[in-house]
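Number of protein chains: 2
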Amino acid sequence: MNIILASKSPRRKDLLEKINLKFDAIDSSFDENKVKISNNIPHKYCMKLAECKCKSVSEKHIDSLVIGADTIVYHNKQILNKPKNKSEAKKHLNMLSDNTHIVYTGVFLNIKAKDISIPFYEKSYVTFHKLSNEDIDYYIEHFKPYDKAGSYGIQDWSMVFVKKINGCFNNVVGFPVSKFFKLGLNNSTINQIIKENLNT
Amino acid sequence: MNIILASKSPRRKDLLEKINLKFDAIDSSFDENKVKISNNIPHKYCMKLAECKCKSVSEKHIDSLVIGADTIVYHNKQILNKPKNKSEAKKHLNMLSDNTHIVYTGVFLNIKAKDISIPFYEKSYVTFHKLSNEDIDYYIEHFKPYDKAGSYGIQDWSMVFVKKINGCFNNVVGFPVSKFFKLGLNNSTINQIIKENLNT
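Quick note, the sequences are listed as chains Z and V, same order. The first sequence runs 617 to 816 under the working numbering. The second sequence runs 617 to 816 under the working numbering.
Hint data in this document are derived by calculation from the structure and do not stem from the laboratory. Take these hints with a grain of salt, some might be off.
Each pair may be met inside one copy or between any two copies, as identical chains are not told apart.
Unchecked claim - Computed list of lysine-lysine pairs in DSS-like fashion (alpha-carbon distance at most 27 Å, straight line):
| no. | residue 1 | residue 2 |
| --- | --- | --- |
| 1 | Lys624 | Lys779 |
| 2 | Lys664 | Lys624 |
| 3 | Lys634 | Lys650 |
| 4 | Lys760 | Lys728 |
| 5 | Lys739 | Lys779 |
| 6 | Lys811 | Lys652 |
| 7 | Lys698 | Lys634 |
| 8 | Lys746 | Lys638 |
| 9 | Lys746 | Lys728 |
| 10 | Lys698 | Lys728 |
| 11 | Lys811 | Lys650 |
| 12 | Lys702 | Lys676 |
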């Protein structure tokens with residue numbers, strides 16, 4: 617059985633490649649705006665998005681293990697989405713400066729033909745240094761983080777912003793690889809599929 | 617003033633490139649065996665190695681900012697070095713399994729001509745899942761971690777071993793980029809040199 621990542625994110629693709637998994641990546645054309653933001657229960661919001669992305673692909677690939685994922689940045693009881701412009705990116709980074717925020721990734725695994733659905737999420741705490749305006753401007757100017765929730769990508773230049781993390785690092789990058797792999801190993805069907813699709 | 621990384625590690629090179637720094641990498645041909653392992657004070661051991669690596673390069677490049685670094689894995693009051701063979705790598709990974717260990721990186725910055733020396737270190741806690749023999753064998757077989765302290769590289773396949781980290785992630789990869797950058801910004805001379813050598 618083959619594996620499909622329902623995501624266009626190069627970062628998720630890169631993470632699954634690093635664990636030697638054979639898979640195809642198919643962009644779920646799901647419109648994220650269809651899911652209402654619920655600032656009260658952030659993990660449910662990203663899990664719902666992961667499920668919708670996953671199902672929009674598994675409908676057409678019923679015999680595959682399809683992986684959906686969605687990552688959000690949560691701070692001060694507020695979900696920080698992708699910034700619309702420079703001024704919103706600045707606002708986000710100023711909010712995160714000298715503070716600890718939470719990154720959630722919701723994941724949904726689905727094999728439609730077998731009626732198997734496994735939802736889960738991972739949560740990591742990220743603490744930023746106090747950022748200078750100069751650093752924020754340099755980052756936005758050079759890295760244009762407009763495709764990134766919370767206006768930063770921990771694997772790029774903004775790594776200098778990060779004082780410490782508590783939890784899973786790859787979850788912050790965009791996919792909790794370790795939990796996915798361990799979860800696979802605790803579920804005999806998923807376990808078998810992961811093993812069959814590991815490059816030897 | 618130019619910057620020199622006194623290291624042949626592709627991981628350290630990669631990290632400094634990610635923060636847009638212009639630098640040269642020169643292998644310090646320092647023989648690590650010259651420094652006695654002190655299991656009692658692990659951070660002093662890696663700081664001493666960082667200093668020796670740094671100075672062996674700065675002697676010949678007195679007008680440069682030279683960066684030396686050394687990363688060690690510490691568990692159960694013992695420093696785990698690079699494994700000599702498959703059996704030692706297995707032993708290391710079995711020790712780290714289902715446990716939390718500490719990764720230290722010692723750093724030494726030196727500008728010989730200006731008599732500036734800045735030593736510091738970073739410390740991160742890494743918690744591993746319980747590893748199966750199958751996973752350990754797969755990892756050693758495919759990734760041959762013989763050049764890695766503690767027998768794993770957190771940025772490669774062994775990322776599936778890691779349940780969580782507490783501290784700086786890049787410190788575990790091999791260089792505490794964020795502390796280096798922030799330290800630079802707190803020291804006017806180093807600050808100026810880092811700024812001058814950031815790609816614009």
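Each hint, compared with the structure:
1. When the C-alpha separation of lysine 624 and lysine 779 is checked against a cutoff of 27 Å, the pair qualifies only between copies, where the shortest distance is 26 Å, while the shortest distance within a copy is 29 Å.
2. Taking identical chains as interchangeable, the C-alpha atoms of lysine 664 and lysine 624 lie at most 27 Å apart only when both belong to the same chain, with a minimum of 18 Å there against 45 Å between chains.
3. Neither within a single protomer nor between protomers do lysine 634 and lysine 650 lie at most 27 Å apart by alpha-carbon distance, with minima of 32 Å and 36 Å respectively.
4. When the C-alpha separation of lysine 760 and lysine 728 is checked against a cutoff of 27 Å, the pair qualifies neither within a copy, at 38 Å, nor between copies, at 38 Å.
5. Proximity of lysine 739 to lysine 779 under the C-alpha cut-off of 27 Å is found in both arrangements, the shortest distances being 17 Å within a copy and 12 Å between copies.
6. Proximity of lysine 811 and lysine 652 under a CA criterion of 27 Å is satisfied in neither setting, with 37 Å inside one chain copy and 43 Å between copies.
7. In this assembly of identical chains, the alpha carbons of lysine 698 and lysine 634 lie at most 27 Å apart whether taken from the same copy (26 Å) or from different copies (22 Å).
8. For the identical chains of this complex, lysine 746 and lysine 638 are inter-copy neighbours only, at 24 Å across copies versus 41 Å inside a copy, given an alpha-carbon limit of 27 Å.
9. In the homo-oligomer, the alpha carbons of lysine 746 and lysine 728 never lie at most 27 Å apart, since the shortest distance is 47 Å inside one protomer and 31 Å across protomers.
10. Neither within a single protomer nor between protomers do lysine 698 and lysine 728 lie at most 27 Å apart by alpha-carbon distance, with minima of 31 Å and 46 Å respectively.
11. For a Cα distance limit of 27 Å, the shortest separation of lysine 811 from lysine 650 qualifies neither inside one copy, at 35 Å, nor across copies, at 44 Å.
12. Proximity of lysine 702 and lysine 676 under a CA criterion of 27 Å is satisfied in neither setting, with 38 Å inside one chain copy and 45 Å between copies.
When held up to the earlier numbered hints, the structure conflicts with 3, 4, 6, 9, 10, 11 and 12 and fits the remainder.
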